[in-house]
Amino acid sequence: MKPFTFSNRVLGAAVGVLAVVYLYLAFTLEEFTAVSVPVQPATLPKWLGAVLLVLAAVLFFQKQEDTGEQAGSDGDGDEASKTGGGAPARPAAARPALGRLADPRHELALFAASIGLYIALLEPLGFLISTTAYIAATTWYLGYRRHWANALVAVGVSAVLYFAMSDFLRVALPTGPLPF
Amino acid sequence: METLQQMGAGFGVAFTPENLLFVFIGVLAGTVIGILPGLGPMSAIALMIPIAFGMDPTTAIIMLAGVYYGAIFGGSTSSILLNAPGVAGTVATSFDGYPMARKGAAGKALAIAAIASFTGGTIGVVLLMLIAPALSSFAVSFGPADYFALMVLGLTAVVTLGGRNITKGLIAAVVGVMVSLVGIDSQTATLRFTFGMPELYEGVKFLIVALGLFALAEVFSMLARRGAGGADGAMTSLRLNRRDLGRIAGPTGRGSILGFFTGVLPGAGATVASFLSYSMEKRIAKDGDTFGSGNPKGVAAPEAGNNAAAVGSFVPMLTLGVPGSGTTAILLGALLVLGVTPGPMMLSDRPEMFWGLVASMYVGNIVLLVLNLPLIPLFAKVLKTPRAVLIPLVVVFCVVGVYGLSFSVFDLWLLLGFGVVGYLMRQNGFPAAPMILGLILGSMMERSMRQALQISYGDWTTFVTSPYSAALLGLTAIVLVWPLVKRLRSGPKAPAAGASPDGAQKEEDTASTP
Numbered sequence: 001m002k003p004f005t006f007s008n009r010v011l012g013a014a015v016g017v018l019a020v021v022y023l024y025l026a027f028t029l030e031e032f033t034a035v036s037v038p039v040q041p042a043t044l045p046k047w048l049g050a051v052l053l054v055l056a057a058v059l060f061f062q063k064q065e066d067t068g069e070q071a072g073s074d075g076d077g078d079e080a081s082k083t084g085g086g087a088p089a090r091p092a093a094a095r096p097a098l099g100r101l102a103d104p105r106h107e108l109a110l111f112a113a114s115i116g117l118y119i120a121l122l123e124p125l126g127f128l129i130s131t132t133a134y135i136a137a138t139t140w141y142l143g144y145r146r147h148w149a150n151a152l153v154a155v156g157v158s159a160v161l162y163f164a165m166s167d168f169l170r171v172a173l174p175t176g177p178l179p180f
Numbered sequence: 001m002e003t004l005q006q007m008g009a010g011f012g013v014a015f016t017p018e019n020l021l022f023v024f025i026g027v028l029a030g031t032v033i034g035i036l037p038g039l040g041p042m043s044a045i046a047l048m049i050p051i052a053f054g055m056d057p058t059t060a061i062i063m064l065a066g067v068y069y070g071a072i073f074g075g076s077t078s079s080i081l082l083n084a085p086g087v088a089g090t091v092a093t094s095f096d097g098y099p100m101a102r103k104g105a106a107g108k109a110l111a112i113a114a115i116a117s118f119t120g121g122t123i124g125v126v127l128l129m130l131i132a133p134a135l136s137s138f139a140v141s142f143g144p145a146d147y148f149a150l151m152v153l154g155l156t157a158v159v160t161l162g163g164r165n166i167t168k169g170l171i172a173a174v175v176g177v178m179v180s181l182v183g184i185d186s187q188t189a190t191l192r193f194t195f196g197m198p199e200l201y202e203g204v205k206f207l208i209v210a211l212g213l214f215a216l217a218e219v220f221s222m223l224a225r226r227g228a229g230g231a232d233g234a235m236t237s238l239r240l241n242r243r244d245l246g247r248i249a250g251p252t253g254r255g256s257i258l259g260f261f262t263g264v265l266p267g268a269g270a271t272v273a274s275f276l277s278y279s280m281e282k283r284i285a286k287d288g289d290t291f292g293s294g295n296p297k298g299v300a301a302p303e304a305g306n307n308a309a310a311v312g313s314f315v316p317m318l319t320l321g322v323p324g325s326g327t328t329a330i331l332l333g334a335l336l337v338l339g340v341t342p343g344p345m346m347l348s349d350r351p352e353m354f355w356g357l358v359a360s361m362y363v364g365n366i367v368l369l370v371l372n373l374p375l376i377p378l379f380a381k382v383l384k385t386p387r388a389v390l391i392p393l394v395v396v397f398c399v400v401g402v403y404g405l406s407f408s409v410f411d412l413w414l415l416l417g418f419g420v421v422g423y424l425m426r427q428n429g430f431p432a433a434p435m436i437l438g439l440i441l442g443s444m445m446e447r448s449m450r451q452a453l454q455i456s457y458g459d460w461t462t463f464v465t466s467p468y469s470a471a472l473l474g475l476t477a478i479v480l481v482w483p484l485v486k487r488l489r490s491g492p493k494a495p496a497a498g499a500s501p502d503g504a505q506k507e508e509d510t511a512s513t514p
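Protein sequence lines correspond, in order, to chains A and B. At position 177 of the first sequence the residue is numbered 177 (full-length UniProt numbering), and the sequence of numbers has no breaks. At position 22 of the second sequence the residue is numbered 22 (full-length UniProt numbering), and the sequence of numbers has no breaks.
Note that these hints are calculated values from the structure, not bench results. The structure presented is a predicted model; accordingly, all values stated were derived computationally and were not measured. Do not take every clue at face value.
What the hints assert, rightly or not - Listed below are the simulated SDA-like cross-link pairs for lysine to any residue, each with C-alpha atoms no more than 20 Å apart in a straight line:
#1 Lys46(A) <-> Ser186(B)
#2 Lys46(A) <-> Phe61(A)
#3 Lys205(B) <-> Thr190(B)
#4 Lys46(A) <-> Thr190(B)
#5 Lys46(A) <-> Gly458(B)
#6 Lys46(A) <-> Phe195(B)
#7 Lys63(A) <-> Asp411(B)
#8 Lys205(B) <-> Val171(A)
#9 Lys63(A) <-> Ile166(B)
#10 Lys2(A) <-> Arg226(B)
#11 Lys486(B) <-> Tyr468(B)
#12 Lys205(B) <-> Gly417(B)
#13 Lys46(A) <-> Asp185(B)
#14 Lys205(B) <-> Asp411(B)
#15 Lys46(A) <-> Leu484(B)
#16 Lys46(A) <-> Asp411(B)
#17 Lys46(A) <-> Leu191(B)
#18 Lys46(A) <-> Thr194(B)
#19 Lys205(B) <-> Ile330(B)
#20 Lys63(A) <-> Ile184(B)
#21 Lys2(A) <-> Gln64(A)
#22 Lys486(B) <-> Ala470(B)
#23 Lys63(A) <-> Val485(B)
#24 Lys2(A) <-> Met222(B)
#25 Lys205(B) <-> Pro467(B)
#26 Lys46(A) <-> Gly203(B)
#27 Lys63(A) <-> Val420(B)
#28 Lys63(A) <-> Pro483(B)
#29 Lys46(A) <-> Ile184(B)
#30 Lys46(A) <-> Gly183(B)
#31 Lys2(A) <-> Arg225(B)
#32 Lys63(A) <-> Thr5(A)
To be verified - Pairwise CB distance ranges (calculated):
#33 Lys286(B) <-> Ser166(A): 50 to 56 Å
#34 Ala164(A) <-> Arg242(B): 29 to 35 Å
#35 Trp148(A) <-> Asp244(B): 40 to 46 Å
#36 Arg100(A) <-> Met197(B): 35 to 41 Å
#37 Gly474(B) <-> Ser166(A): 49 to 55 Å
#38 Leu117(A) <-> Thr341(B): 49 to 55 Å
#39 Val171(A) <-> Leu480(B): 41 to 47 Å
#40 Ala109(A) <-> Trp460(B): 45 to 51 Å
The beta-carbon is built from N, C-alpha and C at its ideal position, and this holds for glycine as well.
Turn these sequences into a full structure, and let the hints steer you where they fit.
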């Protein structure tokens, strides 16, 4: 089962809604009247919105095709393993499965939420603490069992990144409660 | 003859120990910075400018040029190994480079990238030397209408390259252009689509969208696949056999020449060059249908193209004083600070600088090859990192890249948003590349469109009365309609082809190679 894959009907409708909202916003843009200009700020947006609406309609009525997991993206993923030929499919047991939840959709939502939490805590806690905690927690959650290596990577990567950025490149990352 | 003499003098400049050392430093620094996802040639050069300040201007520009092509090569390394192109110019490399790496041929992909880059750079330098003057006079005759048409063609070419579903590709491209229009309108200072948020006034930065759609979305699907189907880290040797070399020779050569000429046109830099040479090879290759699933030609063509274009973009900067790309614009700024004004007079006033730079490009390309081939196994070690460790690390690199650029937590939320959008897009067969290109070209397109209409007093026929523009738009129409015509011509088979995208794709691509 492929999580979050929708039919062309649903996709076409979603893109259509986006196009209508965009067109509405484009038509509410103010005309520029100070100097006469051949292209108003809204000219291109109106065209874009109209084109998107047409494309949405075309997609809506298009016959369903098999959208492989990454069909259009960069043609990697499924195709790579399909056409891999030489590389035999590995037995699932040979590789520790990532994550813990049965439903991949929940797993993905949780993952997105964890990134959100990391972003939210970046400035209050500072880069060093939040990044160390994020790497350690995610790596542990995903099922990596060598806890010492995990801790080492989490602390090491955060520290190296932090000091390389702040001392060498002079990019000030948030310090948080730590004195440096 | 005169050119040869001057070239000899140029090598005299390039081969002084000091300049050799700085070419080496520049290429090394550029490669290392370019490998980091998110840091591209622009940031690399910007970071190195303070170091260049105390130097002799000739040495400084030689070093900065080394940083430039080093960074482009470094960017392709992260495209191939992580599918995280930090640089727009190497997005096309990831299409086939990353699948190759996932199939365990990372070493081979990197070696091909190194060789194609080297060839592209070298051919570019030869062309730069031979026909720079003539070319720049041609590029000067390109008006805004022609640029607009060129960008439309570039965008359409990328959509048809996306393959399977042209409708979805076009939707992605249109949305990309839409995203590029967010912010303060450069001509009228009107706020567009900012929803009252000051953070959006300056628009959505390319880096955020690129890292979100590619790197972060990749992490999401890695997780959804539960780590299956990933690269198993089996590093094959770097060695290319004669058959491999034979296969990539054609794409490399064509990509180099196409890339150089694209690079000369201001605005159409390494990015457009790499996409154009990729789509051209996909069309003319007999095995075009395997592009996107790890075809070595799909690595060679864009790599040769973007390196040749990097060299090509020096042509307008050095001969006209007009930078051909964002990166050469930064270089131009650095030169002005050093007290050198590039332009038509540079060739006569500072010949040692012009030819010294050209000669050092040869040297830099050799350094690039010598430096990178031995280091490839080291780069490829990245692939052996366990997925559970790699996933949070990629997230952290994305966050650092974005935060270090803007110091804004808002941009991080945007990054997460584009990551989610990117994942949904790939789950539903929407290609990400046209969206990225639309984002890059969108604002430039609008500017050219405005300039063209300003010149013609609002007369829209200007886009078809200019011969270049008309030809380019005509080509665009052909590129768009061709797949449809193919499908119609195949008659009764059409529904079947429509039902199985694989078949349709194959048919389209093989049919266009007579």
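* To do: Starting from the hint list further up, note which numbers the structure goes against and sort them upward.
  => 2, 7, 11, 15, 16, 20, 22, 25, 27, 34
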